[in-house]
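Asks: Let chain Z serve as the given structure and place chain C on it in line with the hints.
Protein chains: 2
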Amino acid sequence: MTIEPMNLVGKSIAGAMAECAEQVERMMDLLLPKVEGNAEAPLVEAMRYSSLGGGKRLRPFIVLQSAQLFGVDPRCAIRVGAAVEFMHCYSLIHDDLPAMDNSDLRRGKPSCHKQFDEATAILAGDALQALAFQILASPETHADAIARSELVMALARAAGMEGMTGGQMIDLLAETRELNIGAITRLQRMKTGDMFTFCATSGAIMGRGTERQFHALNSYAQGLGLAFQIADDLLDFDGKEQDTGKPTGQDVKSGKATFVSTLGPERARFQARLLSEQAGQALDFWGEPAALLRAVACFVVNRDR
Amino acid sequence: MTIEPMNLVGKSIAGAMAECAEQVERMMDLLLPKVEGNAEAPLVEAMRYSSLGGGKRLRPFIVLQSAQLFGVDPRCAIRVGAAVEFMHCYSLIHDDLPAMDNSDLRRGKPSCHKQFDEATAILAGDALQALAFQILASPETHADAIARSELVMALARAAGMEGMTGGQMIDLLAETRELNIGAITRLQRMKTGDMFTFCATSGAIMGRGTERQFHALNSYAQGLGLAFQIADDLLDFDGKEQDTGKPTGQDVKSGKATFVSTLGPERARFQARLLSEQAGQALDFWGEPAALLRAVACFVVNRDR
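Chain order of the listed sequences is Z and C. Numbering-wise (numbering that gives the first Met the number 0), the first sequence opens with residue 0 and increments by one. Numbering-wise (numbering that gives the first Met the number 0), the second sequence opens with residue 0 and increments by one.
What the hints contain is simulated information worked out from the structure, not anything from laboratory work. Any given hint could turn out to be false.
[What the hints assert, rightly or not] Non-contacting residues of chain C with respect to chain Z, defined by C-beta distances greater than 12 Å in every case (computed):
(1) 12
(2) 20
(3) 29
(4) 69
(5) 73
(6) 107
(7) 152
(8) 166
(9) 265
(10) 291
[To be verified] Distance windows between CB atoms, simulated:
(11) 36/C - 114/Z: 46 to 52 Å
(12) 51/Z - 70/C: 41 to 47 Å
(13) 211/Z - 33/C: 35 to 41 Å
[Stated by the list, open to error] Which bits of chain Z does chain C cover? Going by a derived footprint, with three or more residues having C-beta under 8 Å, they are:
(14) 34-42
(15) 105-118
(16) 132-146
(17) 259-269
We put the CB at the ideal spot given by N, CA and C, even for glycine.
Isolated chain Z (complex conformation):
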């Protein structure tokens, strides 16, 4: 009996991702413990509601895989992974708000403002962002304060006006404006790509990587991020709500310019595969230790949620 190598990778990555998700979930639970009796308890409840118990934890997985390339203590990497995931969850809460994407469903549950209310959702997002930076700057995350400061700076850049938040702004404007493929690429690089770049390079920050290593991880993340986004657009285009855990068909409904609306679904699918392969190749010189990062690049284009 022969086993296809692709399947093996497919299996090992599913197992590795599940294990990582469990560890990160435990760390997030520890870093954001339940509060009882205090007047601000509803805020913490909303923060926990929207960040615990769900999600692929893809970003923390990339952090952990990047960290092991540099022999970084996994306990440090898990804290960085938790910080990134808190940041990601804050962005989901705010993106779902009525004034933004107005989405009632997230990870198969009511979105934060539906479960609580808008004010609580805005504040929960705000506090999750602050928490992410608090974790990164803590001596428990890394013994070297230079590494901690660099993590904070890199995440702030990836999440702020030049990255995720700027990208979300352009994304909202894209509903009323024609964007060409170059503009869509820039928007998606900012909105999702820069956070992937943070994750992929975080190991090099923690483990003092060389310029060449940073460069390789950057190339990897750029391909991965765009491939991920095209797959996301395709899931919105022809995915099922019961798989994705959020409403689908939203881009067509809002007339938003996406990779799929611009390239058409077939060329978009082809492009996602190509980017995913290129991402994997950027890590070739690492050999076997980068196998799971390469597998992630396959995973993001083949997922159904």
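Replies: What follows is chain C alone, placed relative to chain Z:
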């Protein structure tokens, strides 16, 4: 002719605050430059609209005064002051949102979501928060990475769920719930006091203060923060919109529990004066170098905006 010492202090603090405001404004303009041509330009415009050209810059002033007690390079302190002010401005944008305090006016101008729209205002606040941490973690802010990390941790704690954001959550709940004076004090300590504590102790973080010095600055900030908040409640109670630059009479209208509604205006005024004096006394052992910090404590209870 005799000049009352109080007046002298009153004059010198007005001049010193105006000078500080100018320097901080210039630094903020430098750290958040205008963007033209890029698709995310409206986001940056909204961030600049809500953070430049207005405000007392009281928090940066406290940072600068705290820093000079420890002989910290004023160029470092101004960057920290700018970061704090960006953080403060983000909180004002989000507090004004329709789902929160629903306020149309801020610093005498339309609030951010009125001038732009709700989505832009939410994102502008989000990006200003990220910017604040990016500035603190930058090597240009402080040569010592340990100090930078400590600044990030302290600001994150002051701004997050245990501080400002948690306080704002309780404040919103206070409209529908009875709060006693202890609960109001805790709420205000979180909502405004913790940020003042960050400002007052930031000099000790940058200049490696002793435990006794931290303790004194903490006591100062606790008194100052509460005095400031009571004065704020009094301005809402009997101030004029043309002075405050924002709608007044909101607390009575919403039935919110405040120091004024609980103590009555006279006892509240007395309490503010007492706290302001106690704040000043906490810095007595510093003598003359802390004169302007003591003057700030007088200023916050005597201001009309």
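Asks: Checking against the hints above, which ones are violated?
Replies: Numbers 7, 8, 11, 17 - these are the hints that the structure violates, sorted from lowest upward.
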